[in-house]
Structure formats: C-alpha cells, structure tokens
Amino acid sequence: MEQIKVIVAGYDHYEGVDVNPSYQVSQALAEHGMEGMRPVGPTEEDPLEGVDLAISSVTMSVSFAKAWPILHEAIERVRPDIIIATGLKRRARGIAMERCAVNLKEDDADDRENLGEQESRDAVRHASRQPIDPQGPAAYWTRLPLRAILHDFGTCGIPATLSSDAGTYVCNALFYNLLAWAAGHKDVLAGFVSLPLVNESGGQECGLPLDQQIQAVREVVNETIRYYRRPSSSPILIA
6 MEQIKVIVAG
16 YDHYEGVDVN
26 PSYQVSQALA
36 EHGMEGMRPV
46 GPTEEDPLEG
56 VDLAISSVTM
66 SVSFAKAWPI
76 LHEAIERVRP
86 DIIIATGLKR
96 RARGIAMERC
106 AVNLKEDDAD
116 DRENLGEQES
126 RDAVRHASRQ
136 PIDPQGPAAY
146 WTRLPLRAIL
156 HDFGTCGIPA
166 TLSSDAGTYV
176 CNALFYNLLA
186 WAAGHKDVLA
196 GFVSLPLVNE
206 SGGQECGLPL
216 DQQIQAVREV
226 VNETIRYYRR
236 PSSSPILIA
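FYI, in the numbering used here the residues of the sequence shown are 6 to 244.
Be a bit skeptical, because a hint or two may be false.
Pairwise CB distance ranges, derived in the manner of DEER restraints [said to hold, decoys possible]: (1) G41 x V83: 33 to 43 Å; (2) H156 x D57: 23 to 33 Å; (3) S206 x P136: 14 to 24 Å; (4) A188 x Q135: 12 to 22 Å.
By construction, these hints were calculated from the structure, which means they are not laboratory data. Glycine included, each C-beta is placed from N, C-alpha and C at the ideal position.
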C-alpha cells in the first residue's frame with residue numbers, strides 16, 4: 006500500500022473573527038481525514054484506493070516572523086508529499102484558489118504584527134512594498150491541479166474562484182516561502198487556499214458554512230492526490 010503524507014496548515018486567531026475557518030478546517034481534516042467524501046461513481050477512479058493516507062494539521066501564528074518557521078519545522082518533521090496551506094480572505098464569497106505568490110510585502114509589516122486590525126489597515130495605506138526575498142523570482146506558481154479542483158467544486162456546488170492576489174501580508178509571504186521551498190523539492194506538491202468567513206446562513210453575504218469549507222479542502226486533497234499519483238499537464242492551470 007502506498008503511503009501519502011499530507012499537511013493541511015491553518016492560522017490561529019484572527020483579530021475580530023469568532024470562528025476561524027483556517028484553523029477549524031485544518032483540525033477537522035487531521036481529526037476526521039476524508040470522512041464524508043462523495044462516493045465514487047462506477048466509471049470514476051478513486052485516487053485514495055490503495056493509499057495509506059496520513060493527514061497532519063499545523064497551526065501557524067498570523068506573523069511574518071513566525072508563520073513560515075512553524076510550517077517549515079513541521080515539514081522537516083513530517084516529510085509530507087503534499088502541503089496545503091489555508092488562510093482567511095474576509096471579503097470572499099467562496100473558496101479562492103490562489104494561483105501564484107508574489108515577491109512583495111509591506112516594508113513595515115513586522116512592526117505591525119501586534120497591532121489591531123484597523124491599526125494594521127491604516128499602516129498598510131502608508132507602507133511601501135519591498136521584496137520578501139531580494140534574490141528571489143518575482144513570483145512562484147502553485148503546484149496544485151487547479152483545473153481539476155475547480156471541476157470538482159462545480160460538481161459539488163461549492164462556490165469558488167481563481168485568485169492571483171493573496172495580498173502582501175502574511176498569507177502571501179507564507180505562500181511565497183512555501184513555494185520557494187517546494188522549488189527545491191520537485192516531488193512535493195504545495196499550494197494555498199484562501200477561505201471565506203464562516204456564514205452558516207447560506208445567504209448572499211460573504212462566506213460559506215463551515216461544513217462546506219471542510220468539504221472543499223477535502224476535495225482539494227482528493228484531486229491533489231489524484232495528480233500526485235498520476236501526473237499529467239492537463240489538470241494544471243497556471244494562467
């Protein structure tokens with residue numbers, strides 16, 4: 006039986022957010038694995054067949070200085086085949102599949118780590134952008150099979166979109182550092198998923214129910230395992 010190790014990473018407390026989907030989703034997958042996945046049809050291949058799947062969760066601080074070192078330590082310890090980092094995109098109406106990480110951050114971001122949300126936003130307006138890595142490329146592309154994942158979302162009725170902007174704060178910096186690491190580990194698939202606020206009403210407001218967000222990240226894991234086991238260029242969407 007083939008062993009596949011997956012890390013699903015999320016953040017701890019966000020200022021002003023009572024239910025943090027990034028934390029809740031990563032914990033749910035580590036505790037319950039792929040329970041509740043859609044049944045595989047008679048003509049479909051089950052990517053989990055013959056797989057000994059181990060999913061670990063990592064909880065990171067919402068901090069430039071701490072987020073990547075926490076995730077990197079877990080990567081070195083677990084030695085995963087797949088890494089899916091998640092974060093919160095407050096104004097999103099659905100799941101945002103991040104296509105690329107850009108080599109930019111606010112130059113005084115480290116000084117704003119302990120500020121309140123509004124103070125941080127005010128600081129952003131007065132900050133200038135600087136490279137995360139002055140010697141690094143302008144951007145890295147995700148290594149997740151986005152086209153296949155979005156197709157699955159469509160069949161499940163999960164609202165989702167492609168995103169080319171994870172911002173210039175902690176999520177983008179973590180994503181950039183993760184993909185920079187993955188560039189030296191070609192056998193590892195890695196990417197970033199931005200989750201919306203938890204909205205249990207299912208109305209027209211921003212956000213999705215927590216159970217639907219958990220289902221979405223399970224679909225991400227499922228399709229990424231499929232691609233990991235049978236690589237091809239067709240499911241990858243990088244443009």
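Now for the hints, and whether the structure bears them out:
A hinted range of 33 to 43 Å for the beta carbons of G41 and V83 is inconsistent with their spacing of about 24 Å. Look at H156 against D57: about 26 Å separates their beta carbons, and that is inside 23 to 33 Å. The supplied range of 14 to 24 Å is broken by S206 and P136, whose beta-carbon atoms lie about 41 Å from each other. Separation of A188 from Q135 is about 21 Å and conforms to the stated range, judged on CB atoms against 12 to 22 Å.
Against the hints set out earlier in the document, violations occur for numbers 1 and 3.
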